[in-house]
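Asks: Please take these sequences and the hints and turn them into a complete structure.
Order-wise, the sequence lines are chains A and B.
Take the first sequence: its position 89, counting from 1, is numbered 88 in numbering that gives the first Met the number 0, and each next residue is one higher.
Take the second sequence: its position 274, counting from 1, is numbered 273 in numbering that gives the first Met the number 0, and each next residue is one higher.
Simulated from the structure, these hints should not be mistaken for lab results.
Here the structure is a predicted model, which means the values were calculated and not measured.
By construction, the Cβ of each residue, glycine as well, lies at the ideal position given by its N, Cα and C atoms.
Where hints are given, some of them may not hold.
Unchecked claim - Footprint (simulated), chain B over chain A, 3 or more residues, beta carbon under 8 Å:
1. 14-27
2. 117-124
Unchecked claim - Think about it this way: if two alpha-carbon atoms lie no more than 20 Å apart in a straight line, the pair counts; the simulated DMTMM-like pairs of lysine to aspartate or glutamate are:
3. Lys145/A with Glu109/A
4. Lys144/A with Asp190/A
5. Lys183/A with Glu32/A
6. Lys116/B with Glu182/B
7. Lys21/A with Glu31/A
8. Lys83/A with Glu1/A
9. Lys21/A with Asp283/B
10. Lys181/A with Glu32/A
11. Lys137/A with Asp74/A
12. Lys165/A with Glu94/B
13. Lys137/A with Asp102/A
14. Lys21/A with Asp286/B
15. Lys27/A with Asp286/B
16. Lys133/A with Asp98/A
17. Lys27/A with Asp283/B
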Amino acid sequence: MEKLAFIIRVILFKVILSPFVKIILGIKFRYEEKPSFDKPKIIVANHSSHVDAIAILCSLSVRDLKKVHPVVARDYFYKNSITKLFAKTCLNSVSVSRDRQFDNPLHQCEKLIERGHSLIIFPEGTRGNASEMKEFKKGVSILLKKYPQLEFVPAFCEGFGQILPKGQWLVLPSNSSLRVGKSKSIDRGLDINDITNYIRKSILELRL
Amino acid sequence: MIDLISNFTGQTNSFVEVIIGIFSLLIFFTLLFIPWQKLKPSKGMHEIVLRVYSWWAILCLATIMFLLPETIALILIILLTFISLREFLTKLSIEAHFRNTLLYIYLAIPIQYYLAKNGTTYSFNSFIPVYMFFLIPIRNILNGAYEKYLEFNGKVFWAMMLIVYGFSNITFLRHQGVIKGYEGEQDLLIILIVFLTQINDVLQFLWGKTIGKNKLSPTISPNKTIEGFAGGAITLSFICFLLSDYLPFNSNLEAAIFGVLLSIFGLLGDLNMSAVKRDLGVKDMDDLIPGHGGILDRLDSLSFTLPFTVHYLLLRGYL
Chain A
0 MEKLAFIIRV
10 ILFKVILSPF
20 VKIILGIKFR
30 YEEKPSFDKP
40 KIIVANHSSH
50 VDAIAILCSL
60 SVRDLKKVHP
70 VVARDYFYKN
80 SITKLFAKTC
90 LNSVSVSRDR
100 QFDNPLHQCE
110 KLIERGHSLI
120 IFPEGTRGNA
130 SEMKEFKKGV
140 SILLKKYPQL
150 EFVPAFCEGF
160 GQILPKGQWL
170 VLPSNSSLRV
180 GKSKSIDRGL
190 DINDITNYIR
200 KSILELRL
Chain B
0 MIDLISNFTG
10 QTNSFVEVII
20 GIFSLLIFFT
30 LLFIPWQKLK
40 PSKGMHEIVL
50 RVYSWWAILC
60 LATIMFLLPE
70 TIALILIILL
80 TFISLREFLT
90 KLSIEAHFRN
100 TLLYIYLAIP
110 IQYYLAKNGT
120 TYSFNSFIPV
130 YMFFLIPIRN
140 ILNGAYEKYL
150 EFNGKVFWAM
160 MLIVYGFSNI
170 TFLRHQGVIK
180 GYEGEQDLLI
190 ILIVFLTQIN
200 DVLQFLWGKT
210 IGKNKLSPTI
220 SPNKTIEGFA
230 GGAITLSFIC
240 FLLSDYLPFN
250 SNLEAAIFGV
260 LLSIFGLLGD
270 LNMSAVKRDL
280 GVKDMDDLIP
290 GHGGILDRLD
300 SLSFTLPFTV
310 HYLLLRGYL
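Replies: Structure representation (C-alpha cells):
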C-alpha cells in the first residue's frame, strides 16, 4: 500500500503536474541551493493558494517524495473520506488540528521527524496574501527548538494567489515563481517568538 | 548529396539547398561575432550575439519542425504561441473581475490554429479580428463589472492580434499557402521569411555600427539609426533579388521590392516590441533562459513580418 501510494505520487507529481506547472502555468523554479533531505528538514513557505504545496512537491526529486510530508489542516482536508484519501496518498500529508482537539497537535509531525522524515509547513495556517503575510503560527519554531538536528528551508511563493485565488476554481497562468533558499539552522538559545521572527525574515529575504 | 538528403527527409531540393546555405551563413556569423564580442565587448555587440544565439535556436527549431510529422509540429507551434501569449498577459495587471475572460482568450489559440490549417482564408482572417473582437466584451458584460473595462478589452484584444493571429500565419502559410508555380514549397517560403527577418536585424545592426549617425527613434530604441535601416533595407532587397528563384514572386524586381518592405516591417516589429516593453516597464518579457529573455523578445520582428508576408501574397493575388 505504501509502495502503491509512492508510485501514484511519482506519476502525479513528476509525470503529470511537473510539466503542467512548468510549461502551462509557467511557474519558475529558482534555487539558491537545492535542498537535500538526508537529514530531516522543514520547508517553510508562505501560503497563498493550493498551488503552493503542489509546486513545492514538484520541485522535489523522486527520492524525496518518499520522505517529505506537507502538513495539512485536519478540518479542511480530513473533513470527508475522499479528500482524506487524496491528502494521504497523493500528498503524503500529515494533519494538524487547528482547533486544539488534542493535547499535542504536533504529535504526528514529531513522530515523522524522529524517523528522519521532512515536513512542508505553511506557518500562516491558512491561505493568505503574498504581499502581506499573516502572523505566523508557532508550530515550526516549537519543532525547531525541540530537535537540535532539524534545519529549515525557507521558500517564497510569488504570484501563486493569481493562479488559483481562494474561493475560485479556474486555474490560469500568472507571473509566478517559487524561490527556495539555503537551508538554515537556528540558534536554540532564542525563545519561540524570536525564532518565528527569524523564519519570517528568512522568507521575506527571498522576495525580490 | 542534396538529392540524397531531400529523399531522406521528404523535402524538396530547393528547401535542402536553402537550409544548407542558411546554416553555412549562420556558422560564418557565429565565428565572426563571438570573437568580436570577446575582443571588443560593447552593449550593442552583446545584443547582436544574443540575436545570433536566438537565430540558432529559431532556425534549429524551424528546421526540426519541418522534419517532424505535421501534427506534432502544429502542437509545438500552438504551445509556443501559448507561452508567448502567457508572457504577454501575465505582464498586464488584470482586474479580478475580468479574470474569467482570460480562459476564452487562451481557448482561442487552438481554434485559430484549426482555422489556419483547415478553415477558409476568410474564417482564418476574421476569427480573431471580428469574432473575438465581439466575444471578449460580451463575456465581460456578463461579468457585470465596468472598472477598467475599456483598458482590459483593448489590451487583451491587441495581444491576441499580435501573438495569436500573427503567429498562426505560419500554419496558414504552411497548410494553405499553395501558390501557382510554387506548389509544395510552402516550407521553403516559411524558412526564407524567418531567415530574411533574422538577417535583416543583423544587417541593420552592422550598417548602423559602421555608418550610423542619425538616430531613427531615440525614445523607443536608441541604438537604431536611419543609415543602419537604409543599408539593411538595400542589402536585404539585394539578397531577395538574388534569392528570387526561391521566392514565389513573378519577377526579380518584385522580389527586390518585397525585400525592402520586409525590412521595413521587420524594423517596425522590433520597435513595436521595444515600445511595449518600455510601456510595461520591463526589460525582457520573460526570463525563460536567464539572460536571453522570453520567446516574444526573440520573435519581435517576426510578429510583424509574418502577417505582412501573408497579406502581401493575398493582396497581390498569389494566394
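Asks: Which constraints among the numbered hints does this structure fail? Numbers only, ascending.
Replies: The structure breaks only hint 2.
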